[in-house]
Amino acid sequence: MSSADPTQMRPRRFLPTGPLTGRIRVPGDKSISHRSIMLGALAVGETRVTGLLEGEDVLATAAAMRAMGASVERLGDGEWRVSGVGVGALLQPEAALDMGNSGTSTRLLMGLVASHPITASFVGDASLSKRPMGRVIEPLSRMGADFTASPGGTLPLMLRGAAPAVPIEYRLPVASAQVKSAILLAGLNTPGITTVIEPVPTRDHSERMLRGFGAQLDVETDADGVRTIRIVGEAELRPQVIEVPGDPSSAAFFIVAALIVPGSDVVIENVGLNPTRAGLIEVLRLMGGQIDELNPREVGGEPVADLHVRHSVLTGIAVDPAVAPSMIDEFPALFVAAALAQGRTVTTGLDELRVKESDRLAVMAAALTAAGARVSETEDGLIIDGTGGDPLPGTGHAIATHLDHRIAMSMAVAGLVSTRGVEVDDTRPIATSFPVFEALLDGLRG
Numbered sequence: 001m002s003s004a005d006p007t008q009m010r011p012r013r014f015l016p017t018g019p020l021t022g023r024i025r026v027p028g029d030k031s032i033s034h035r036s037i038m039l040g041a042l043a044v045g046e047t048r049v050t051g052l053l054e055g056e057d058v059l060a061t062a063a064a065m066r067a068m069g070a071s072v073e074r075l076g077d078g079e080w081r082v083s084g085v086g087v088g089a090l091l092q093p094e095a096a097l098d099m100g101n102s103g104t105s106t107r108l109l110m111g112l113v114a115s116h117p118i119t120a121s122f123v124g125d126a127s128l129s130k131r132p133m134g135r136v137i138e139p140l141s142r143m144g145a146d147f148t149a150s151p152g153g154t155l156p157l158m159l160r161g162a163a164p165a166v167p168i169e170y171r172l173p174v175a176s177a178q179v180k181s182a183i184l185l186a187g188l189n190t191p192g193i194t195t196v197i198e199p200v201p202t203r204d205h206s207e208r209m210l211r212g213f214g215a216q217l218d219v220e221t222d223a224d225g226v227r228t229i230r231i232v233g234e235a236e237l238r239p240q241v242i243e244v245p246g247d248p249s250s251a252a253f254f255i256v257a258a259l260i261v262p263g264s265d266v267v268i269e270n271v272g273l274n275p276t277r278a279g280l281i282e283v284l285r286l287m288g289g290q291i292d293e294l295n296p297r298e299v300g301g302e303p304v305a306d307l308h309v310r311h312s313v314l315t316g317i318a319v320d321p322a323v324a325p326s327m328i329d330e331f332p333a334l335f336v337a338a339a340l341a342q343g344r345t346v347t348t349g350l351d352e353l354r355v356k357e358s359d360r361l362a363v364m365a366a367a368l369t370a371a372g373a374r375v376s377e378t379e380d381g382l383i384i385d386g387t388g389g390d391p392l393p394g395t396g397h398a399i400a401t402h403l404d405h406r407i408a409m410s411m412a413v414a415g416l417v418s419t420r421g422v423e424v425d426d427t428r429p430i431a432t433s434f435p436v437f438e439a440l441l442d443g444l445r446g
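For the sequence shown, the UniProt record's numbering assigns the number 1 to the initial residue and increments by one for each residue that follows.
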């Protein structure tokens, strides 16, 4: 996936500069931002959103909803106004929907379109075009949608929606919030009850927000923790006023940085602490991290708090694979924390990381090794022997981030606790998810 034009790449060496101190606020949660726009576009009336993450991925969702008839506009003060068309009333887009690098936009919008009587083509960049869509195509096909995809079930693809679609009961073969959400969104305009059975719980923003917008949705959890989610179509959604909490996946880099840079004392304000997303905080606390929750509150059905994080002596642990779905995007940051901990950290059950924007197991193993960490890669995880808090040697050459924003940001944090710094080959991908990352980091370094 390193097909970027080398003349356009923006390398940067991230250097140690002493303790991180101060208060920051990270951008809005990406999952909630995507869904605010999609559900606002399906409600009749005006939804207002503040704190929206204005990265390229969320803007791709906004552009797609505009192409299908909704009005999505940014007002002067950072507030967004979405005037929806109503469930069942999406319009046929005139051109292909360009998803850029956003797997979330693609899979969720495929669900939305699947139960509407329209045809839409989905295209994406080189990285997204390698990512598997078959896991969404299969259940949506059962509901009656028709797909013409590229070889291997990838983009570009064309989707012809079914109207009426057929309600299904679908047991998720792989833990995936995106697949679950795609089916539930398709169920919005499907007469009857659409059921998703989730053997391993994943992030539940779709369930919380669908209920918040007025959909009839219920969740039952059995003694084994298996969740059965039912949604009643055809739904009528009501417009909402939404304050998007700070993205825990974005906060993760600053949590890890404050824990591992000696002398650090940082408060990260307004962080979403949905239990299906907060696995990293739980794991870092088990390793000895001092992370306190200040001013806990609830915003739009989502738990939120300010996090007070201080430099801590971390100890390696065996990470319970059951926690993986609640921190799947945070493992690159955790691997950096493990590289500085005392003793050995063992992670397993992370096959899903091999099909993210890059193969995050292989890429992080190579990047941390290049920076002087002791890492061995297994089939489904990494084993990391930490330095006990001593700085990593750092890198002589730029490390390959493979156009993956989370690799770039994780290795930027590693550079703060290295002797000679860590050079990242390209900082451009950070803009897809976290445009102000470098400015926030530089601001904490006094």
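Some clues are possibly wrong.
Stated by the list, open to error - Ranges of calculated distance between the beta carbons of each label pair, as one might list FRET restraints:
(1) Met158 <-> Lys130: 17 to 23 Å
(2) Arg374 <-> Glu73: 40 to 46 Å
(3) Glu73 <-> Arg285: 37 to 43 Å
(4) Arg374 <-> Ala95: 25 to 31 Å
(5) Glu73 <-> Gly214: 20 to 26 Å
To be verified - In silico SDA-like links for lysine to any residue, alpha-carbon gap of 25 Å or less:
(6) Lys130 <-> Ala96
(7) Lys130 <-> Ala431
(8) Lys130 <-> Asp359
(9) Lys356 <-> Pro173
(10) Lys356 <-> Ser141
(11) Lys356 <-> Asp77
(12) Lys356 <-> Thr50
(13) Lys356 <-> Gly343
(14) Lys356 <-> Glu138
(15) Lys356 <-> Gly301
(16) Lys130 <-> Gly396
(17) Lys130 <-> Val232
(18) Lys356 <-> Gln240
(19) Lys130 <-> Val346
(20) Lys356 <-> Glu282
(21) Lys130 <-> Ser150
(22) Lys130 <-> Pro173
(23) Lys130 <-> Ala163
(24) Lys130 <-> Leu155
(25) Lys356 <-> Thr221
(26) Lys130 <-> Thr148
(27) Lys130 <-> Thr154
(28) Lys130 <-> Pro275
(29) Lys356 <-> Gly69
(30) Lys356 <-> Gln342
(31) Lys356 <-> Thr154
Treat the hints as calculated values from the structure; they're not laboratory data.
Beta carbons are placed, not taken as given, at the ideal position from N, Cα and C, and that holds for glycine.
Do the hints match the structure? See the list:
1. Range check, methionine 158 to lysine 130: about 18 Å between beta-carbon atoms, so the 17 to 23 Å window is met.
2. Evaluation of the 40 to 46 Å hint for arginine 374 and glutamate 73 yields a failure: the beta carbon distance comes to about 51 Å.
3. Distance hint for glutamate 73 and arginine 285: a CB-CB separation of about 41 Å, consistent with the stated range 37 to 43 Å.
4. Here the CB-CB span from arginine 374 to alanine 95 is close to 50 Å, at odds with the stated 25 to 31 Å.
5. Separation of glutamate 73 from glycine 214 is about 23 Å and conforms to the stated range, judged on CB atoms against 20 to 26 Å.
6. For the hint pairing lysine 130 with alanine 96, the CA-to-CA distance comes to about 18 Å; that is within 25 Å, so the pair holds.
7. The straight-line distance between the Cα atoms of lysine 130 and alanine 431 is roughly 20 Å, inside the 25 Å bound, and the hint therefore holds.
8. Simply put, lysine 130 and aspartate 359 have alpha-carbon atoms about 12 Å apart, close enough for the 25 Å limit, and the pair holds.
9. Proposed proximity of lysine 356 and proline 173 is supported: the alpha carbons are some 18 Å apart, at most 25 Å.
10. Our distance criterion of 25 Å between C-alpha atoms is met by lysine 356 and serine 141, whose separation comes to about 24 Å.
11. Distance restraint check for lysine 356 and aspartate 77: the Cα-Cα separation of roughly 34 Å exceeds the 25 Å cut-off, and the hinted pair is therefore not satisfied.
12. Only pairs whose Cα atoms come within 25 Å are accepted, and lysine 356 paired with threonine 50 is rejected, the gap being roughly 29 Å.
13. Annotation: proposed proximity of lysine 356 to glycine 343 is violated, straight-line Cα distance about 28 Å (limit 25 Å).
14. For a cut-off of 25 Å, the pair hint linking lysine 356 to glutamate 138 stands: about 19 Å separates their Cα positions.
15. Between the alpha carbons of lysine 356 and glycine 301 the distance comes to roughly 28 Å, so the proposed pair goes past 25 Å and is violated.
16. Taking the CA atoms of lysine 130 and glycine 396, the gap is about 31 Å. The hint is violated against a cut of 25 Å.
17. Taking the CA atoms of lysine 130 and valine 232, the gap is about 34 Å. The hint is violated against a cut of 25 Å.
18. Proximity of lysine 356 to glutamine 240 is assessed by CA-CA distance (about 32 Å); at most 25 Å being required, the pair is judged violated.
19. About 29 Å separates the Cα atoms of lysine 130 and valine 346, which puts this hinted pair outside 25 Å; it is violated.
20. Among the hinted pairs, lysine 356 with glutamate 282 is consistent with the structure: their alpha-carbon atoms are about 23 Å apart, no more than 25 Å.
21. Only pairs whose Cα atoms come within 25 Å are accepted, and lysine 130 paired with serine 150 is accepted, the gap being roughly 10 Å.
22. Taking the CA atoms of lysine 130 and proline 173, the gap is about 21 Å. The hint holds against a cut of 25 Å.
23. Proximity of lysine 130 to alanine 163 is assessed by CA-CA distance (about 30 Å); at most 25 Å being required, the pair is judged violated.
24. Taking the CA atoms of lysine 130 and leucine 155, the gap is about 7 Å. The hint holds against a cut of 25 Å.
25. Proximity of lysine 356 to threonine 221 is assessed by CA-CA distance (about 29 Å); at most 25 Å being required, the pair is judged violated.
26. Of the pairs offered as hints, the one joining lysine 130 and threonine 148 holds, with about 16 Å between alpha carbons and a cut-off of 25 Å not exceeded.
27. For the given pair, lysine 130 sits about 6 Å from threonine 154 by alpha-carbon distance, which is consistent with the 25 Å threshold.
28. Between lysine 130 and proline 275, the direct Cα distance comes to roughly 31 Å. Violation of the 25 Å bound is thereby established for this hinted pair.
29. Taking the CA atoms of lysine 356 and glycine 69, the gap is about 31 Å. The hint is violated against a cut of 25 Å.
30. A C-alpha spacing of about 29 Å is found between lysine 356 and glutamine 342, which places the hinted pair above 25 Å, so the restraint is violated.
31. At most 25 Å may separate the alpha-carbon atoms for a hinted pair to count; lysine 356 and threonine 154 meet this at roughly 14 Å.
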